[in-house]
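Peer 1: Given these sequences and hints, build the entire structure.
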Amino acid sequence: DGGITQSPKYLFRKEGQNVTLSCEQNLNHDAMYWYRQDPGQGLRLIYYSQIVNDFQKGDIAEGYSVSREKKESFPLTVTSAQKNPTAFYLCASSFGRADTQYFGPGTRLTVL
Amino acid sequence: GNSVTQMEGPVTLSEEAFLTINCTYTATGYPSLFWYVQYPGEGLQLLLKATKADDKGSNKGFEATYRKETTSFHLEKGSVQVSDSAVYFCASPSGNTPLVFGKGTRLSVIA
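Chains as they are written, first to last, in my numbering: chain A, 2 to 113; chain B, 7 to 117.
Simulated from the structure, these hints should not be mistaken for lab results.
Be aware that a few hints might be false.
[Stated by the list, open to error] Here are the computed lysine-lysine pairs in the BS3-like style, where the Cα-Cα straight-line distance is at most 25 Å:
{"id": "1", "chain 1": "B", "residue 1": "K62", "chain 2": "B", "residue 2": "K109"}
{"id": "2", "chain 1": "A", "residue 1": "K58", "chain 2": "B", "residue 2": "K109"}
{"id": "3", "chain 1": "B", "residue 1": "K62", "chain 2": "A", "residue 2": "K84"}
{"id": "4", "chain 1": "A", "residue 1": "K10", "chain 2": "B", "residue 2": "K109"}
{"id": "5", "chain 1": "A", "residue 1": "K72", "chain 2": "A", "residue 2": "K10"}
{"id": "6", "chain 1": "A", "residue 1": "K58", "chain 2": "A", "residue 2": "K72"}
{"id": "7", "chain 1": "B", "residue 1": "K58", "chain 2": "B", "residue 2": "K83"}
{"id": "8", "chain 1": "B", "residue 1": "K83", "chain 2": "B", "residue 2": "K66"}
{"id": "9", "chain 1": "A", "residue 1": "K71", "chain 2": "A", "residue 2": "K58"}
[As the list claims (entries may be wrong)] Some chain B residues well away from chain A (every beta-carbon gap over 12 Å; in silico):
{"id": "10", "residue": "S20"}
{"id": "11", "residue": "N28"}
{"id": "12", "residue": "G67"}
{"id": "13", "residue": "S85"}
[What the hints assert, rightly or not] Counterexamples of contact, computed for chain B against chain A with all Cβ distances above 12 Å:
{"id": "14", "residue": "D60"}
{"id": "15", "residue": "D61"}
{"id": "16", "residue": "F68"}
{"id": "17", "residue": "I116"}
These figures come from a predicted structure and were not determined experimentally.
C-beta: ideal position from N, C-alpha, C; glycine also.
Peer 2: What follows is the structure, encoded as structure tokens:
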């Protein structure tokens, strides 16, 4: 089965700790994306990558970092510099930047 | 850049009622337009899309027509079911941003 997986579904961390969210796809897509979803605010783009070893900041990149060492994987690190990290994080992928994006099931991060 | 505005919810309808969720965009060109649906606790799923003026996207009884003259892409369904209860997002590319999303419209359908 082809698709996008995100793990874990729920994640709890103490304030001040960095945490890395996993995103893997086996759709052979070149482009991958990370979004943050807060109640009543829709989705906001954090980072995206169009190709391995390259990525661009989105609208709310501050306090986050990413890497793209493999085509299939695009992990997101929420650093202690992110002032309000509690949110629902969604990963997506597409063949190209202009193509339809397909989403993973999301990870709900709660910082205590 | 392009921005997307959709009607705010929540929208509550009885089963078999007609649904319209409005979406407008601001781009002067011909951006692709998308509707995504999010069921509780899940990621987004593509519902339908249109890539040029007058295109009609359709899926699962939902339809939306790309109207350049009104810069709109309203989502419609003739007879909603309880299983259609979800949050619906309109989206479109904007400049360097691959997709910008509306704030979402929560639909609740009651039996």
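Peer 1: Now tell me if each hint is right for this structure.
Peer 2: For each hint, the structure was consulted:
Between K62 (chain B) and K109 (chain B), the direct Cα distance comes to roughly 23 Å. Compliance with the 25 Å bound is thereby established for this hinted pair. Note on K58 (chain A) and K109 (chain B): the hinted pairing holds, with a Cα-Cα distance of about 21 Å set against a maximum of 25 Å. Of the pairs offered as hints, the one joining K62 (chain B) and K84 (chain A) is violated, with about 42 Å between alpha carbons and a cut-off of 25 Å exceeded. A hinted pair counts as satisfied when its Cα atoms are at most 25 Å apart, and K10 (chain A) with K109 (chain B) qualifies at roughly 23 Å.
Straight-line distance between C-alpha atoms of K72 (chain A) and K10 (chain A) comes to about 22 Å, which keeps the hinted pair within the 25 Å bound. Restraint check: the Cα-Cα separation between K58 (chain A) and K72 (chain A) comes to about 18 Å, which is no more than 25 Å; the hinted pair holds. Using a Cα cut-off of 25 Å, the hinted pair K58 (chain B) and K83 (chain B) holds, with the two alpha carbons roughly 21 Å apart. Distance check on the hinted pair: K83 (chain B) and K66 (chain B) sit about 9 Å apart at the alpha-carbon level, within 25 Å; holds.
Among the hinted pairs, K71 (chain A) with K58 (chain A) is consistent with the structure: their alpha-carbon atoms are about 18 Å apart, no more than 25 Å. Distance to chain A confirms S20 (chain B) as a non-interface residue, since its nearest Cβ pair spans about 25 Å, more than 12 Å. Residue placement check: N28 (chain B) keeps its beta carbon more than 12 Å from all beta carbons of chain A (closest about 15 Å). With a closest Cβ-Cβ approach of about 20 Å to chain A, G67 (chain B) is found to remain outside the 12 Å limit, as its non-interface label requires.
Against chain A, the non-interface label of S85 (chain B) holds: every CB pair exceeds 12 Å, the least being about 27 Å. The claim that D60 (chain B) lies off the interface holds: its Cβ sits roughly 20 Å from the closest Cβ of chain A, which is beyond the 12 Å cut-off. Every CB of chain A is more than 12 Å from the CB of D61 (chain B) (nearest about 14 Å), matching its label as outside the interface. In this structure F68 (chain B) is separated from chain A by more than 12 Å, as the shortest Cβ-Cβ distance comes to about 16 Å.
Non-interface call for I116 (chain B) relative to chain A: holds, since the shortest CB-CB distance, roughly 22 Å, exceeds 12 Å.
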